[in-house]
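Asker: From first to last, the protein sequence lines are chains A and G.
Counting from 1, position 275 in the first sequence corresponds to residue 282 in the working numbering; the numbering is continuous, with no gaps.
Counting from 1, position 98 in the second sequence corresponds to residue 105 in the working numbering; the numbering is continuous, with no gaps.
Everything labelled a hint here was simulated from the structure, so no lab data went into it.
Hints are supplied without guarantee of correctness; some may be wrong.
Claimed, not checked - With a straight-line Cα cutoff of 27 Å, these simulated DSSO-like cross-link-like pairs (lysine-lysine) come out:
1. A:K180 - G:K84
2. A:K42 - A:K180
3. G:K71 - G:K337
4. G:K42 - G:K180
5. G:K180 - A:K311
6. G:K42 - G:K32
7. A:K180 - G:K266
8. A:K266 - G:K84
9. G:K311 - A:K266
10. A:K311 - A:K42
11. A:K84 - G:K180
12. G:K322 - G:K311
13. A:K143 - A:K329
14. G:K180 - G:K329
15. A:K42 - A:K32
16. G:K71 - G:K311
17. G:K84 - G:K32
18. G:K322 - G:K266
Number of protein chains: 2
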Amino acid sequence: MEKDLSFVRIPYADMYDTFLSALQKVGFTDDRAAKCAEVFAVNSVEGIYTHGINRFPRFISYIKQGYIRIDQVPALKSGFGAVEQWDGNLGPGPLNALHACDRSMEVAQQNGIGCIALANTNHWMRGGYYGWHAAKRGFAFIGWTNTIANMPVWGAVDPRLGNNPLVIAIPYKDHAIVLDMAMSQYSYGALDQYSTRGQSLPVPGGYDEQGHLTQDASAIMASRRVLPIGYWKGSGLSLLLDILAAVLSGGLSTQAITKQEAEHSLSQIFITIDLSRLNHFPGIAGTLDTIIQDYHDSHPEPGKEVHYPGEHVNKIREANLKAGIPVARKIWNEILSLR
Amino acid sequence: MEKDLSFVRIPYADMYDTFLSALQKVGFTDDRAAKCAEVFAVNSVEGIYTHGINRFPRFISYIKQGYIRIDQVPALKSGFGAVEQWDGNLGPGPLNALHACDRSMEVAQQNGIGCIALANTNHWMRGGYYGWHAAKRGFAFIGWTNTIANMPVWGAVDPRLGNNPLVIAIPYKDHAIVLDMAMSQYSYGALDQYSTRGQSLPVPGGYDEQGHLTQDASAIMASRRVLPIGYWKGSGLSLLLDILAAVLSGGLSTQAITKQEAEHSLSQIFITIDLSRLNHFPGIAGTLDTIIQDYHDSHPEPGKEVHYPGEHVNKIREANLKAGIPVARKIWNEILSLR
Numbered sequence: 008m009e010k011d012l013s014f015v016r017i018p019y020a021d022m023y024d025t026f027l028s029a030l031q032k033v034g035f036t037d038d039r040a041a042k043c044a045e046v047f048a049v050n051s052v053e054g055i056y057t058h059g060i061n062r063f064p065r066f067i068s069y070i071k072q073g074y075i076r077i078d079q080v081p082a083l084k085s086g087f088g089a090v091e092q093w094d095g096n097l098g099p100g101p102l103n104a105l106h107a108c109d110r111s112m113e114v115a116q117q118n119g120i121g122c123i124a125l126a127n128t129n130h131w132m133r134g135g136y137y138g139w140h141a142a143k144r145g146f147a148f149i150g151w152t153n154t155i156a157n158m159p160v161w162g163a164v165d166p167r168l169g170n171n172p173l174v175i176a177i178p179y180k181d182h183a184i185v186l187d188m189a190m191s192q193y194s195y196g197a198l199d200q201y202s203t204r205g206q207s208l209p210v211p212g213g214y215d216e217q218g219h220l221t222q223d224a225s226a227i228m229a230s231r232r233v234l235p236i237g238y239w240k241g242s243g244l245s246l247l248l249d250i251l252a253a254v255l256s257g258g259l260s261t262q263a264i265t266k267q268e269a270e271h272s273l274s275q276i277f278i279t280i281d282l283s284r285l286n287h288f289p290g291i292a293g294t295l296d297t298i299i300q301d302y303h304d305s306h307p308e309p310g311k312e313v314h315y316p317g318e319h320v321n322k323i324r325e326a327n328l329k330a331g332i333p334v335a336r337k338i339w340n341e342i343l344s345l346r
Numbered sequence: 008m009e010k011d012l013s014f015v016r017i018p019y020a021d022m023y024d025t026f027l028s029a030l031q032k033v034g035f036t037d038d039r040a041a042k043c044a045e046v047f048a049v050n051s052v053e054g055i056y057t058h059g060i061n062r063f064p065r066f067i068s069y070i071k072q073g074y075i076r077i078d079q080v081p082a083l084k085s086g087f088g089a090v091e092q093w094d095g096n097l098g099p100g101p102l103n104a105l106h107a108c109d110r111s112m113e114v115a116q117q118n119g120i121g122c123i124a125l126a127n128t129n130h131w132m133r134g135g136y137y138g139w140h141a142a143k144r145g146f147a148f149i150g151w152t153n154t155i156a157n158m159p160v161w162g163a164v165d166p167r168l169g170n171n172p173l174v175i176a177i178p179y180k181d182h183a184i185v186l187d188m189a190m191s192q193y194s195y196g197a198l199d200q201y202s203t204r205g206q207s208l209p210v211p212g213g214y215d216e217q218g219h220l221t222q223d224a225s226a227i228m229a230s231r232r233v234l235p236i237g238y239w240k241g242s243g244l245s246l247l248l249d250i251l252a253a254v255l256s257g258g259l260s261t262q263a264i265t266k267q268e269a270e271h272s273l274s275q276i277f278i279t280i281d282l283s284r285l286n287h288f289p290g291i292a293g294t295l296d297t298i299i300q301d302y303h304d305s306h307p308e309p310g311k312e313v314h315y316p317g318e319h320v321n322k323i324r325e326a327n328l329k330a331g332i333p334v335a336r337k338i339w340n341e342i343l344s345l346r
């Protein structure tokens with residue numbers, strides 16, 4: 008079957024309204040539908056389509072299958088000082104994550120730092136959303152999630168590790184510097200895009216079935232042997248992020264998540280630091296300016312440019328606000344049918 | 008000039024005593040000399056020679072040049088709740104780091120989590136040492152340091168980023184799981200070893216002067232274009248770790264460190280979490296057992312084995328305690344002359 012590659016461009020307001028209607032239709036209260044629609048719409052307008060518009064149908068499907076429980080909210084299980092353990096009660100991932108992020112900032116306002124460990128939650132979509140959320144409010148953010156097993160341990164062939172996205176963010180002027188990176192070199196979504204377009208990956212992304220490192224996305228999708236960033240290093244980092252998420256939250260590890268019928272009951276960490284409590288707070292902007300100035304002074308390779316993580320977001324948002332958010336016609340039609 | 012590749016094996020006690028004498032000779036008090044000698048000796052016996060025995064001569068040289076001030080101790084600059092900013096006063100890196108790690112655990116005992124940001128310190132040698140130190144005492148550890156610029160930003164050719172090692176550790180039975188990873192695929196020390204032996208790197212480690220990705224360590228040493236782990240991802244992570252270290256500590260960034268005459272006045276972060284305060288504390292060992300069991304159940308590639316970060320350390324320590332710690336004859340003779 009040939010894939011329908013035709014795209015349409017949808018104005019932000021139309022996309023938001025469509026999400027909102029679809030969420031209300033499956034039973035969300037108005038305010039929770041609005042919050043959730045905003046996460047999906049913002050992720051889309053900021054160019055993270057894989058964790059915005061393109062993932063919306065699966066979000067609705069998981070609700071219908073009972074993996075995501077739309078009326079559930081996180082509950083405090085235990086707290087000591089600046090560390091709190093919460094149970095996400097299988098509520099919607101974006102709403103649970105926003106709750107945990109907000110609570111982390113409240114704790115940080117009292118204690119300088121806040122660490123919220125959230126068990127039994129669902130996919131937070133784009134982790135960077137919560138980094139931006141905290142940074143816009145003046146907080147540094149370090150957070151991560153575990154996932155279902157989708158990447159082999161370094162030296163092995165079968166998936167035992169999650170790609171466990173890690174987010175680190177800090178406010179910068181009226182903007183933010185936001186790193187949002189999975190532990191695999193490419194996501195399956197990205198591999199699928201390269202494969203569909205018949206394009207070679209820019210750098211090796213995994214192994215083919217013969218065990219050779221390759222830039223052929225289709226071969227990696229066939230072997231399921233995606234590459235951890237930095238080989239043994241990303242493999243180790245993925246393991247430690249999963250361990251900390253499961254241990255600190257008292258929730259499920261990648262191993263336990265993978266034994267389920269679908270990817271739910273994830274464990275997530277939200278650490279925030281209240282920068283206004285630092286004794287050189289007024290000097291932070293200057294420090295960042297100097298660092299970013301030097302970073303931008305890099306001598307690029309011919310034909311390349313140097314950008315810090317998150318630098319493009321404003322430009323992408325503006326372009327998509329102007330021209331509409333690009334989405335495959337097939338996906339948009341599917342979402343329209345959910346209203 | 009041909010390199011002298013001959014090695015000797017030195018018993019742990021002899022190596023420790025030699026470090027101790029050399030440190031006392033340059034003016035360390037007995038107890039500080041003992042602590043410092045132990046860091047160098049333990050790093051060596053645990054196989055991290057590049058940040059143990061092999062770096063000891065440079066440590067002494069930095070003391071003699073005044074970059075490291077042996078009698079200085081960290082001072083509290085500012086604190087709010089569980090976040091404290093300390094000035095390392097250019098004291099010895101390992102002693103400053105141990106102080107910050109211990110203080111972080113004290114704060115965590117009171118607040119669940121402790122975050123110590125240390126400015127104006129010196130090279131901590133092996134970051135994993137502090138991960139083990141915290142894990143042996145029942146704490147989870149997340150810490151990192153910035154460094155002098157030694158790695159180009161992704162897409163650029165001149166070094167602007169540090170390789171900023173990141174350490175994450177957690178206790179596991181009578182052992183620990185300890186990740187200690189720099190943001191470059193290989194350290195210059197590792198490149199030098201492969202180059203000296205005429206061996207190809209196991210995976211690409213950087214670019215040659217023509218801009219081609221290569222496994223030729225000598226070519227990378229010539230271009231100084233070491234590869235960040237995961238290409239753009241390790242580049243971004245390195246930037247964010249530097250930013251957080253500099254901003255939270257109020258200390259120098261990689262950019263500012265690099266403008267100095269030598270690598271000193273580093274910024275470091277020591278976050279610890281008191282695991283005994285978690286409400287499922289007795290269940291942690293079981294969670295870790297299940298994760299590690301599944302990890303070890305991976306199907307390895309032919310001829311490969313799967314190990315978690317830090318798993319080898321006990322074995323290496325035992326072997327080196329039995330046979331002596333291997334060290335190049337030339338380096339050992341140099342250290343003997345420092346007594």
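Asker: Mind checking the alpha carbons of G:K322 and G:K266 for me, to see if they're no more than 27 Å apart?
Answerer: violated, 41 Å
Asker: So if I understand the rule, the pair passes when the alpha-carbon distance is 27 Å or less; does A:K84 with G:K180 pass?
Answerer: holds, 25 Å
Asker: Below or equal to 27 Å on CA atoms is what counts here, so check A:K42 against A:K180.
Answerer: Holds, at roughly 25 Å.
Asker: Would the hint linking A:K311 and A:K42 be met if the CA-CA limit is 27 Å?
Answerer: Outside the cut-off at roughly 38 Å; violated.
Asker: What's the verdict on G:K84 and G:K32, does the C-alpha distance respect the 27 Å limit or exceed it?
Answerer: violated, 31 Å
Asker: Compare the distance between the alpha carbons of A:K180 and G:K84 with 27 Å, and conclude whether the hinted pair is satisfied.
Answerer: holds, 25 Å
Asker: Next pair to validate is A:K180 with G:K266; report whether the Cα-Cα distance is within 27 Å.
Answerer: Status holds; Cα separation ~25 Å.
Asker: Decide if the proposed pair is consistent with the structure: G:K71 and G:K337, CA atoms, cutoff 27 Å inclusive.
Answerer: Within the cut-off at roughly 21 Å; holds.
Asker: With a cut-off of 27 Å on the C-alpha distance, tell me whether G:K71 and G:K311 pass.
Answerer: With Cα atoms ~45 Å apart, G:K71 and G:K311 exceed 27 Å; violated.
Asker: Are the Cα positions of G:K42 and G:K180 separated by 27 Å at most?
Answerer: holds, 25 Å
Asker: Take the C-alpha atoms of G:K180 and A:K311, compute the straight-line distance between them, and say whether it is at most 27 Å.
Answerer: violated, 48 Å
Asker: Taken at face value, is the distance from the CA of G:K32 to the CA of G:K42 at most 27 Å?
Answerer: Holds. G:K42 to G:K32 sits at ~15 Å (cutoff 27 Å).
Comparing the model with each numbered hint stated earlier shows that hints 5, 8, 10, 16, 17 and 18 do not hold.
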